[in-house]
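Enquirer: Okay, here's what each chain looks like letter by letter:
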Amino acid sequence: MTIPTKSQKDDSQLRQKTMIARHFDRLAAAPETGEKNVYTFVPGNLTELLLSFDLLPVLPEINSLQSAMRGKTAEYISIAEKLGHSEDVCTYVKSDIGMMKSGNIGPTGQRLPNPDLLLLSYTGCFTFLKWFELLREEYHAPVAMLHVPYQPDGRITPAMRDYVVKQLKDDIIPALERISGRAYDEDKLREHLKLSAQAEDDLVWVLQSAKHKPSPIDAYFGAVYYVGPIFSAFRGTEGAVAYYQALRAEIAERIREGKGPVTPDGDIEKERFRVVVEGPPNWTSFRQFWKMFADEGAVAVASTYTKVGGVYDAGFRHDPSRPLESLAEYCLGCYTNLGLPTRIEMLAQYVRDYEADGFLINSVKSCNSFSAGQLHILREVEKRSGKPGGFIESDLVDPRYFSAANIKNRLESYFQMLEQKRLGGAA
Amino acid sequence: MSTEGTPLSALVERADAIYRDYSLATVRDWKARTGGLAVGFMPIYVPCEILHAQGVLPVGLMGARDDLEIIKGDAYYQSYICHIPRSTIELGLSGRLDCLDGVLFPAICDVIRNLSGMWQMLFPDKLVRYLDVPQNFEPEIGGRFYRHELDELARSLTERGARPYDAEALRASIGLYNALRREVRELYALRQREPWKVPTSELYLLLRASVVIPVQDATQMFREYRALIAEDASRVPLDQARVMLTGSFCEQPPIGLIRTLERAGCYIVDDDFVQVHRWIQSDIPTDGDPMQQLVMAFLQDAMASPTRYIDKGEKGADLILRIRRSQAEGVLFCAPSFCDPALLDQPMAVRAVERHGVPWTAFKYSENTGQFQVIREQAGTFADSIKLWSAV
Amino acid sequence: MNYTIGVDLGSTTTKAVVLGEDGTVMGRGITNSRSNYEVACQVAMGEALINTRFSLIRGRLDAAGVPAAQARQSVLTLERWFRAQQYRSQLFVLTRELQRFASKLLTGGPGLKPAVARITEQMEVEIPELFSEGTRRKSDFFRDLAGSRYMQLAEGEARATGVGFDQVVGLFDKAILDVENSAEAAGQFEEHVRAALVHAGDADGELGRAVTDIAALKLSQIGSVGTGYGRQRLPFPEGQIKSEILCHGLGAHAMFPDTRTVLDIGGQDTKAIQVDDQGIVTSFQMNDRCAAGCGRYLGYIADEMNLGLHELGPLACESKTPVRINSTCTVFAGAELRERLSLGEKREDILAGLHRAIILRAMSLIARSGGVSDQFTFTGGVAKNPAAVRALRALLRENYGDVHINISDDSIYTGALGAALFALREATRGHAVTTH
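Chains as they are written, first to last, in numbering that gives the first Met the number 0: chain A, 0 to 426; chain B, 0 to 391; chain C, 0 to 435.
Since the hints were derived computationally from the structure, they do not count as laboratory data. Wrong hints could be hidden among the right ones.
Quick list of in silico lysine-lysine cross-link-like pairs, PhoX-like style, CA-CA up to 25 Å [claimed, not checked]: (1) A:Lys81 / B:Lys314; (2) A:Lys420 / A:Lys212; (3) B:Lys314 / A:Lys100; (4) B:Lys196 / B:Lys386; (5) A:Lys382 / B:Lys125; (6) A:Lys290 / A:Lys212; (7) B:Lys311 / A:Lys165; (8) A:Lys35 / B:Lys386; (9) A:Lys193 / A:Lys16; (10) C:Lys112 / C:Lys173; (11) A:Lys407 / A:Lys290; (12) A:Lys269 / A:Lys290; (13) A:Lys71 / A:Lys407; (14) A:Lys210 / A:Lys258; (15) A:Lys81 / A:Lys100; (16) A:Lys168 / B:Lys311; (17) A:Lys420 / A:Lys290; (18) A:Lys269 / A:Lys210.
If you want the footprint, here are the derived chain A segments under chain B, 3+ residues with CB under 8 Å [what the hints assert, rightly or not]: (19) 88-98; (20) 139-153; (21) 161-171; (22) 373-387.
Residues of chain C placed beyond 12 Å of chain B at every Cβ, according to the derived structure [what the hints assert, rightly or not]: (23) Ala63; (24) Pro66; (25) Arg79; (26) Ile126; (27) Asn180; (28) Ala301; (29) Ser372; (30) Glu425.
Quick caveat, the model's predicted, so the values are computed rather than measured. C-beta atoms are modelled at their ideal positions from N, C-alpha and C, and glycine is treated no differently.
So that you can see chain A by itself, here it is in the shape it has in the complex (with noise of 0.2 Å):
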């Protein structure tokens, strides 16, 4: 995924797309190759793991994504739900199972694979539970499940991490070993351990750049981008690790020049608010929405959103000296696998760190996992943090929940509020 800005494209950006028609290149080529592939989700994947089998990671939730981008999900979900899927549940499995029943044809126009596996990591989301048993009959694929324990009061216990390792050694690599035919190979996985570590301080490096006046990023929409290798299937690849230089490098650039965010309308001129953004985007009307912030000079400075694969920001990096414990804290970490109290504090902490005028909260009706809570997360990051916050709501996925008179009016009110408050009155 790349930002389809207007001008030249960066180093990193053509690296990135690159990196990703390969990959969609292996895998329509799969089954004519032999290269087998897995099934997995983003909270909690367990990239490496997957890379030392030379399997090829699949992610259905980034498949959802990019289908509503390509403007195809109002025909996918409405595919799944009349095939009995309720209208209630979450877009990503429908347009998912859509997609599956329209073809299966990816991101990239091509077709993509079947599983050979489906690596069910129940990280922070129920949902996950239940979408691998919907493919499961669907595609008849083996299914191995990784149950990773919820954090309620933000820290990892012993037990947990116990439990995670176990059923990686007990279940996960057994299964891996049987779909791949290899045996498992920990000094390889040390390897992508070691380059995702540093791929990972570079992205910290880059989210964390958003501290400077003006911020030379968009900290929810453009990083949306800036975490998609990390997040999908590159984490522990040397491009990875190219990648997260590149981007480090022109971020530099722009601080070095006083440069604003990229959007895919031009730099953003004037930094007229910096706010934090907790949930997901909308991902139908993604650029719509985006240009409603940019349009007010409004720039994301952090977000919880870019945390979903890892909150590497608060210190953890995969570690080659112990790979399945690292793995196991990785899994446990994701962001919405912690406890609504630690969410809380992350999100007023980012406020206070960023400096920034206010935050909003993009309440998504298919997340309950995100969703369920917000308006007391809403209540209390206003608390702890002494700043406004906003609420807006959409989808994920399905165009039906995103009004866009409505999200704009509620968005300039809020810029107005905060402009207000600025001006305490007196204007």
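Please build the complex by placing chains B and C on the supplied structure of chain A, with the hints as guidance.
Expert: Below, chains B and C alone, put in the same frame as chain A:
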């Protein structure tokens, strides 16, 4: 009604009064009498034995009905989230649950999970525990994790002032709950054999009361009820369709909905209501390490549920088994609006039911639904079609 | 005279408020919102300016030492005749347009044009009576006022002459749009006020002098701000458009300075707003994207019960035993209503339940936005509904104790007032800059 003013109707009314009492008078009485702690729990299941063995009264919190006005609760939830967390918050913030010393939130879905964190912040002085349950059912893996969770639960109760964990006490408690579970199973079996004798609208009230009152009282209540209906000659078979109702395991339907279904010509011969005392399906051994027995029962003898990952066998196999066992002629998929576990599971369950040629219909409710006309029509038509079909 | 103006373009009505340079409200205007927002805006502003001139005439009389009671009566009479003149000129345009559409109608038949002509002639004849002292007019809007009489007369024509009722009504529906969209129909202040003065008498006295002065007075607009549901469509430059949240907050603050919480229930949405002691919004919440619990919902209910919107509240207030209603879903409103009626529940009891349900939803928004800590102000069209107000008072007491509740007769103008105040701030700030 012929039962009016009889001991049977008095018993049902007693259960109904407990079901209707949002402020938990029986719990307050019990606390005043015994000086013990009372700890609430959300659906679907917690091992009540542990609480009981430490002198704590477990109190099932199953949401509200259509007579509770929701103001504070709605302030915490968007319109696309189910209803039970709203009424639970409303009950909590309005002080009706003040007699509880804590609440347990078992891991069944993301909404209840997140509610546990909200509860922690809203009631910082109470015991609030998210009770994680394994989705891995190997004793050495998931079992070990669950054992740790249960040990921690016992420890946290003691920290709150409950009696320390004692194996002998837990064995005794398991025995008491075995007796209660047997009673519930007996009543379900009786309803399967002679559904006209056990209206589900009564059974349901007993179930609701049974998760609020002490275990022996609940056992006694079921016993009395069975004895009373055995004497009642006025209950005779009607030409009704035998249906299994599934999907209502967390947020409970209003009693009006159950009555509507019965009046529409359905005998409900199996259901998912208040599964607390049915979750473990047979007696738990009272010998050996009792905590470990609870763990093993959870891993190996629990009901199948959309909240649990089904790792082995065909999806929906358990549902089919229950349909066969109860000789249900049709299935009502009856899930709360916006219930992820029930609604995500439903397409798979429907396919299983269709594979086995069982007729089905589906509708949604919320615990505060007050109008049943559409459901009455739908269930009535469904029951009629089943009867017509079986008459051919 | 310099003035600023605020326009609130709502889904049902468009409101305008004119402020003098010292911040006093000089005039208010309201009109139906219609497909053409620009015209709605022009009409509301025109009305507010007319209203302003009447305020100025009154001020002139006061300054000239005319006793207050007499001055008030004079201006009221003058305004009444002014309205009659305005009505006459609108009726003139309506008549012309009706005939034009009737000529174009191929299926019209020979009786149609004369029938329509008889109707409008009769309406013309009735003008003095319609605007005579003490007559209660059902609405201030020409569409409503002329429309209801037109329908009655059309019915008579249909019965008497056999001309198609639907056809006659159809013509009105077309012609009225042109009346509403024509500045000509609304007419000029000076022209109407002079004609009115003849009827009102005292043309040579203080009133006449005041009218002459004020009609000639140049009103200079030094600032304008638009707001409301349709604000994006307002013919104002971007910088002069403000969110309705901010405008409602400031407007409520201007009316009731101790207000800390504002609830606005309008046609399309419900807003709960918290303001500080300067009228600055500190937080706000709006309803979900669906219209459940908004004014529009009451509109559906009124249609379903075949009642006028203004009749719902009083009827609901007659209820002794309100029913409990949990859903305010507009989609299911009709079905639920019919079911309850078929169960034998009384209309007033159902309505009382519905009003409570709407206010319950609003209570949740209020709680979401931060609750109620001090004075509470209720605005928007629904604030005029007595049953909604009664339910709100009860629920506020149940949840927040004895809260002081403000409801202004002019609450419908709250947003426009806030907009006008923003315009004034902007204008005076601009002024300060230029004088330096």
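Enquirer: So, for every hint listed, does it hold in this structure?
Expert: Cross-check of the supplied hints:
Taking the CA atoms of Lys81 (chain A) and Lys314 (chain B), the gap is near 21 Å; set against the 25 Å cutoff, the hint holds. Our distance criterion of 25 Å between C-alpha atoms is met by Lys420 (chain A) and Lys212 (chain A), whose separation comes to about 20 Å. Proximity of Lys314 (chain B) to Lys100 (chain A) is assessed by CA-CA distance (about 20 Å); at most 25 Å being required, the pair is judged to hold. For a cut-off of 25 Å, the pair hint linking Lys196 (chain B) to Lys386 (chain B) stands: about 20 Å separates their Cα positions.
Taking the CA atoms of Lys382 (chain A) and Lys125 (chain B), the gap is near 22 Å; set against the 25 Å cutoff, the hint holds. Our distance criterion of 25 Å between C-alpha atoms is met by Lys290 (chain A) and Lys212 (chain A), whose separation comes to about 20 Å. Between Lys311 (chain B) and Lys165 (chain A) the alpha-carbon distance is near 19 Å, which keeps this suggested pair within the 25 Å criterion. Of the supplied pair hints, the one linking Lys35 (chain A) and Lys386 (chain B) is violated, its CA atoms being roughly 52 Å apart against a limit of 25 Å.
Taking the CA atoms of Lys193 (chain A) and Lys16 (chain A), the gap is near 23 Å; set against the 25 Å cutoff, the hint holds. Of the pairs offered as hints, the one joining Lys112 (chain C) and Lys173 (chain C) holds, with about 15 Å between alpha carbons and a cut-off of 25 Å not exceeded. Between Lys407 (chain A) and Lys290 (chain A) the alpha-carbon distance is near 10 Å, which keeps this suggested pair within the 25 Å criterion. Between Lys269 (chain A) and Lys290 (chain A) the alpha-carbon distance is near 14 Å, which keeps this suggested pair within the 25 Å criterion.
With a C-alpha separation of about 24 Å, the suggested pair Lys71 (chain A) and Lys407 (chain A) falls inside the 25 Å cut-off, and the hint holds. For the proposed pair Lys210 (chain A) and Lys258 (chain A), the alpha carbon gap of about 13 Å is at most 25 Å, so the pair holds. Distance hint between Lys81 (chain A) and Lys100 (chain A) is fulfilled; the C-alpha atoms sit about 12 Å from each other, no more than 25 Å. With a CA separation close to 20 Å, the supplied pair Lys168 (chain A) and Lys311 (chain B) stays within the 25 Å bound.
Note on Lys420 (chain A) and Lys290 (chain A): the hinted pairing holds, with a Cα-Cα distance of about 23 Å set against a maximum of 25 Å. With a CA separation close to 16 Å, the supplied pair Lys269 (chain A) and Lys210 (chain A) stays within the 25 Å bound. Restraint check on the stretch 88-98 of chain A versus chain B: 3 residues with Cβ-Cβ distances below 8 Å, three needed, restraint holds. Chain B is given as covering the stretch 139-153 of chain A, and this holds because 6 residues of the stretch bring a CB closer than 8 Å to a CB of that chain, at least three being needed.
Three residues within the 8 Å Cβ limit are the bar, and the stretch 161-171 of chain A against chain B gives 6, so the coverage statement holds. Chain B is given as covering the stretch 373-387 of chain A, and this holds because 4 residues of the stretch bring a CB closer than 8 Å to a CB of that chain, at least three being needed. Non-interface status of Ala63 (chain C) relative to chain B is upheld: no Cβ of that chain comes within 12 Å, the nearest being about 56 Å off. The claim that Pro66 (chain C) is not at the interface with chain B holds, since no C-beta of that chain comes within 12 Å of its own (minimum 52 Å).
With a cut of 12 Å on Cβ distances, Arg79 (chain C) stays outside the contact zone with chain B, its closest approach being about 46 Å. Against chain B, the non-interface label of Ile126 (chain C) holds: every CB pair exceeds 12 Å, the least being about 50 Å. For Asn180 (chain C), the non-interface assignment is confirmed: its Cβ lies about 38 Å from the closest Cβ of chain B, beyond the 12 Å cut-off. Taking the minimum C-beta to C-beta distance to chain B, about 21 Å, the non-interface status of Ala301 (chain C) holds against the 12 Å cut.
No Cβ of chain B comes within 12 Å of the Cβ of Ser372 (chain C); the nearest lies about 15 Å off, and the non-interface call holds. Consistency note on Glu425 (chain C): stated as away from chain B, and its beta-carbon is indeed over 12 Å from all of that chain's, at 35 Å minimum.
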